[in-house]
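Colleague: Each chain, letter by letter, is given below.
Protein chains: 2
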Amino acid sequence: MQYIEMSKEELLTLKSELDARYTEAKAKGLKLDMSRGKPSASQLNVSLDMLDCINSSSDLKSENGTDCRNYGVLDGIDEAKKLMADMMNTTPEHIIVYGNASLNIMYDQISRAYTHGLLGSTPWCKLDKIKFLCPAPGYDRHFAITERFGFEMITIPMTENGPDMDMVEQYVNNDAAVKGIWCVPKYSNPQGYTYSDETVKRMAALKPAAEDFRLFWDNAYIIHDLYDDKKDEVLDIISECEKAGNPDMVFEFASTSKVSFPGSGIAAMATSVANIADVKKQLTVQTIGHDKINQLRHVRYFKDINGLKAHMKKHADAMRPKFEATLEVLEKELGGLGIGSWTKPNGGYFISFESMEGCAKAIVAKCKEAGVTLTGAGAAFPYGKDPKDSNIRIAPSFPTPEEMALAADLFALCVKLVSVEKILENK
Amino acid sequence: MQYIEMSKEELLTLKSELDARYTEAKAKGLKLDMSRGKPSASQLNVSLDMLDCINSSSDLKSENGTDCRNYGVLDGIDEAKKLMADMMNTTPEHIIVYGNASLNIMYDQISRAYTHGLLGSTPWCKLDKIKFLCPAPGYDRHFAITERFGFEMITIPMTENGPDMDMVEQYVNNDAAVKGIWCVPKYSNPQGYTYSDETVKRMAALKPAAEDFRLFWDNAYIIHDLYDDKKDEVLDIISECEKAGNPDMVFEFASTSKVSFPGSGIAAMATSVANIADVKKQLTVQTIGHDKINQLRHVRYFKDINGLKAHMKKHADAMRPKFEATLEVLEKELGGLGIGSWTKPNGGYFISFESMEGCAKAIVAKCKEAGVTLTGAGAAFPYGKDPKDSNIRIAPSFPTPEEMALAADLFALCVKLVSVEKILENK
Chain C
0 MQYIEMSKEE LLTLKSELDA RYTEAKAKGL KLDMSRGKPS ASQLNVSLDM LDCINSSSDL
60 KSENGTDCRN YGVLDGIDEA KKLMADMMNT TPEHIIVYGN ASLNIMYDQI SRAYTHGLLG
120 STPWCKLDKI KFLCPAPGYD RHFAITERFG FEMITIPMTE NGPDMDMVEQ YVNNDAAVKG
180 IWCVPKYSNP QGYTYSDETV KRMAALKPAA EDFRLFWDNA YIIHDLYDDK KDEVLDIISE
240 CEKAGNPDMV FEFASTSKVS FPGSGIAAMA TSVANIADVK KQLTVQTIGH DKINQLRHVR
300 YFKDINGLKA HMKKHADAMR PKFEATLEVL EKELGGLGIG SWTKPNGGYF ISFESMEGCA
360 KAIVAKCKEA GVTLTGAGAA FPYGKDPKDS NIRIAPSFPT PEEMALAADL FALCVKLVSV
420 EKILENK
Chain F
0 MQYIEMSKEE LLTLKSELDA RYTEAKAKGL KLDMSRGKPS ASQLNVSLDM LDCINSSSDL
60 KSENGTDCRN YGVLDGIDEA KKLMADMMNT TPEHIIVYGN ASLNIMYDQI SRAYTHGLLG
120 STPWCKLDKI KFLCPAPGYD RHFAITERFG FEMITIPMTE NGPDMDMVEQ YVNNDAAVKG
180 IWCVPKYSNP QGYTYSDETV KRMAALKPAA EDFRLFWDNA YIIHDLYDDK KDEVLDIISE
240 CEKAGNPDMV FEFASTSKVS FPGSGIAAMA TSVANIADVK KQLTVQTIGH DKINQLRHVR
300 YFKDINGLKA HMKKHADAMR PKFEATLEVL EKELGGLGIG SWTKPNGGYF ISFESMEGCA
360 KAIVAKCKEA GVTLTGAGAA FPYGKDPKDS NIRIAPSFPT PEEMALAADL FALCVKLVSV
420 EKILENK
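If you read the sequences in order, they're chains C and F.
Numbering of the first sequence is given in numbering that gives the first Met the number 0, commencing with residue 0 and proceeding in unit increments.
Numbering of the second sequence is given in numbering that gives the first Met the number 0, commencing with residue 0 and proceeding in unit increments.
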């Protein structure tokens, strides 16, 4: 029976049962963290052998003879470019290999646009108003960058096929103050949605009012499938933009943070040859080069895209049981109650939960009180404000499957409790 | 006999001898690079064992239990902070450990000041005019950053005791557009001069017209001594600024680029606690954290400051013969001729040569023609323009001592040849 159909008395009875269960649950003293898309320790073990790939007896020269121990090579050693290009479904001439984090590359592109402009256009710091489109729910750290620079963030609703493209086109093609859009095209954070071919093609075919409008295409989960037989595919944005006559319109990002080690991976940007030349003018002032030994470590370990993909299956094996345990509990505990819905992604790091309106903050607080930490409610929206207060991001990666089942159990209990209270308010 | 005292005939005879020797030298087909302060391959071997410090069996937890393989820790693991603090003669609360390059940290501070301002002051991008003081000869990559941001660079003459402090005080204390000064306080690039205690104290005691004026204190060679018994010492700028009531006035930089591996080292900034809080507000938007496994690798290998210093003796053993070979040739070939002078530093990576006025470019070109690459003449000055065209940076680190002797020999020959031609012009 859906909660909404219950009588006041039924609800009050239910509430007192749930209250009792909640008191019991609190007494268990859980301490579980589902707040961030952080791999678990056992998942990190999957990559441990990489640390043996480079030692004092290794040949530390790259394929073209560069001594990777010394200064130089601004944009990455050739074989690292090739590996990242293959991962990103593009070719090495589109690639710059950076340091350990794609977030830093994104910040860097925004900061460079702000200080120096893109391909000769006016630096954004000289403009009165900059706007960014923010498909939401989305990734809080994206929004943190644009908020920090004082850009106005415009929320674009997400659908199962990606951002609402009518709205995107409306803004981008008519307002020259709109300079960018944040996109996580595959297994989006937090919903796990993948942009449809139509969405990608419409993105690539935008006719921006601003010559320096860019797609900030964060392909964070490009090879992060959970299942062998159910893999989402997303079109290559670099070639789609080329085909649409907008070759310079996209900055695409990826990293091995969730492939090898978060913080000790390698990250890359893919973009047009013209953009690469433009970026390098700045990059050569910023650094002499990134960590080539770590680039070599990655290449020697993964060898090629097949090695990468085989490695990702091991990650999937670690992740799948956690997703399944969570989804199983959600279905069992909340299915048919009409008090929430959730996504069932084929990859990525998150499950997105939609509670009844006005309940997300209270659910997260109740979980916290009983020892289960979730991402702060609203975090997935610009300025941290979820207009409906309904979205909750569940990150199943860090706990074990057993812990995830426990955590999901508590989560479901809190959803029920807060929902009952909400419904009672209006009875 | 000094060249200047020779008769025209003597000079012409000399010139024809030198021409003949130069033709011979060219025929040797030398290929030597003294252009950058790059360690040699054998010097890099000194650090090779570091690559065995971390492997798949290592405990990858930091002292406080942090799993260094995972996300997190914005400002560096505690033991890396301690190591860098000890290296920089300060304490860990003043330290942020960054990624692989101090140049990048410097860029980052300038860029942050430009986009967001320092400690609440007006972002530099909102100001009409920014000026930077550039003690010269200095480090070309410093000047490249300030040039890229369009700051006016003001050349400050260097002395054996550091920058001309009368001039520095004059500018800094009276002109609010002056926002910074580039300093390499120990074994300056390229002269190898070390700031005297008086210079450091006067720097710390500046009374800037601009509240957001900063010393950009690049302590690149802080532990890079050549001799056990002749070590320059430079006062700790952090505590000197504190004592002078200017705790927030300095950003100090250092790295292990020339200690472990260039490109694969760790870099740090030291500054006041207030500045650190200010920086972290931005840094948390830029990144989740730097490479903690590499931080751990460094700490496990060097253990502590004593380990670092013992390691630097091995570097000194590799470097000293190159410096000595160069200085020996310069003394033997050019001593007493009155056509050039050069520095004899106790550490760092460079020897600075002063030719007769108007000769540096021609000397560098002549060397190049015969297969010896030097740093471009003028590179050590703002905008690449040496007003006297007399400064040449010699970087002895990359070639072997034998190659350095050969290269110095050719260099001396080119100095003679160009000087004779110059003197003849005026006879």
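Hint data in this document are derived by calculation from the structure and do not stem from the laboratory.
Ideal Cβ positions, reconstructed from N, Cα and C, are used throughout, including at glycine.
There could be a bad hint or two in this list.
[Unchecked claim] A few chain F residues facing chain C, derived, Cβ under 7 angstroms:
(1) S41
(2) L73
(3) D77
(4) N103
(5) I144
Colleague: So, for every hint listed, does it hold in this structure?
Modeller: Going through the hints against the structure:
1. About 11 angstroms separates the beta-carbon of S41 (chain F) from the nearest beta-carbon of chain C, more than 7 angstroms, and the hint is not met.
2. Below 7 angstroms, beta-carbon pairs count as interface contacts, and L73 (chain F) has none with chain C, the closest being about 11 angstroms; its hint is therefore violated.
3. Annotation: D77 (chain F) was flagged as interfacial toward chain C, and the flag is violated, the nearest CB pair being 16 angstroms apart, outside 7 angstroms.
4. Below 7 angstroms, beta-carbon pairs count as interface contacts, and N103 (chain F) has one with chain C at about 5 angstroms; its hint therefore holds.
5. The beta carbon of I144 (chain F) comes within 6 angstroms of a beta carbon in chain C, closer than 7 angstroms, and the hint placing it at the interface holds.
Hint check: violations occur at hints 1, 2, 3; the rest are consistent with the structure.
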